[in-house]
Amino acid sequence: SQTIHQWPATLVQPVGSPLSLECTVEGTSNPNLYWYRQAAGRGLQLLFYSIGIDQISSEVPQNLSASRPQDRQFILSSKKLLLSDSGFYLCAWSGTASPLHFGNGTRLTVT
Amino acid sequence: SQQGEEDPQALSIQEGENATMNCSYKTSINNLQWYRQNSGRGLVHLILIRSNEREKHSGRLRVTLDTSKKSSSLLITASRAADTASYFCATAALKTGANNLFFGTGTRLTVIP
Numbered sequence: 001s002q003t004i005h006q007w008p009a010t011l012v013q014p015v016g017s018p019l020s021l022e023c024t025v026e027g028t029s030n031p032n033l034y035w036y037r038q039a040a041g042r043g044l045q046l047l048f049y050s051i052g053i054d055q056i057s058s059e060v061p062q063n064l065s066a067s068r069p070q071d072r073q074f075i076l077s078s079k080k081l082l083l084s085d086s087g088f089y090l091c092a093w094s095g096t097a098s099p100l101h102f103g104n105g106t107r108l109t110v111t
Numbered sequence: 001s002q003q004g005e006e007d008p009q010a011l012s013i014q015e016g017e018n019a020t021m022n023c024s025y026k027t028s029i030n031n032l033q034w035y036r037q038n039s040g041r042g043l044v045h046l047i048l049i050r051s052n053e054r055e056k057h058s059g060r061l062r063v064t065l066d067t068s069k070k071s072s073s074l075l076i077t078a079s080r081a082a083d084t085a086s087y088f089c090a091t092a093a094l095k096t097g098a099n100n101l102f103f104g105t106g107t108r109l110t111v112i113p
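Line by line, the protein sequences give chains A and B. Letter 5 of the first sequence, counting from 1, is numbered 5 in our numbering, and no numbers are missing. Letter 103 of the second sequence, counting from 1, is numbered 103 in our numbering, and no numbers are missing.
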């Protein structure tokens, strides 16, 4: 069966520090991969999605970037975090025209 | 924005009662999906309804879709305390493709034992 791993679960980082969140999927090939951000008490904002290695689309201009160095690995990065980057980050995967399967999320607090 | 908007924002009911949540969206869609999120966790897919379907059932869940009104509803029958969670609708727009889902802000459901 397919599983998705996302880490770390929580992270506290100072303003201006770099960020790297990692997500990996097991049990499937060539998944669509997604990064979403959820602000407190709000809906999900799609940040990036990828249909294949090195094929990444950005939905929102910001100081975050995403990379997909391997088929089932998706990384969310920032060179310098802002206070406004705080939130709950969720990685997800899907097949073609199928529902999303989410990881358990990373709670990021920028101080 | 093509995001769905759920209504109400919060709902509190007694165990055993039915819970109805509504979702409205703005653009033509490929499908509409409902997800559930327990506090501090990832979302879990509940049900998907395609644009050419009007109603779908899954266990205690019933989803309707009215594309003319650009709205959907999620009914949970015979609610349980374990149904307490946030519920989100998500739309896959025709324009952007079936896999680009846009989520609403959710309905926070509390089921009182």
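No lab work stands behind these hints: they were computed from the structure. Be aware that one or more of the hints could be misleading.
Rough simulated footprint, nothing fancy, chain A against chain B, three-plus residues with beta-carbon under 8 angstroms [to be verified]:
| # | region |
| --- | --- |
| 1 | 41–47 |
| 2 | 52–58 |
Derived contacts from chain A toward chain B, CB cut-off under 7 angstroms, selection only [to be verified]:
| # | residue |
| --- | --- |
| 3 | TRP7 |
| 4 | ARG42 |
| 5 | LEU44 |
| 6 | GLY87 |
| 7 | LEU90 |
| 8 | GLY105 |
With beta-carbon atoms standing in for the labels, derived distance ranges [to be verified]:
| # | chain 1 | residue 1 | chain 2 | residue 2 | range |
| --- | --- | --- | --- | --- | --- |
| 9 | A | GLN70 | B | GLU55 | 40 to 48 angstroms |
| 10 | A | SER98 | B | ASN38 | 20 to 28 angstroms |
| 11 | B | VAL44 | A | VAL60 | 36 to 44 angstroms |
Quantities reported herein were computed from a predicted structural model and do not represent experimental measurements. Glycine included, every Cβ here is placed at the ideal spot set by N, Cα and C.
Next item on the list: Run the structure past the numbered hints and jot down the numbers of the failing ones, going up.
Entry: 2, 3, 6 and 11
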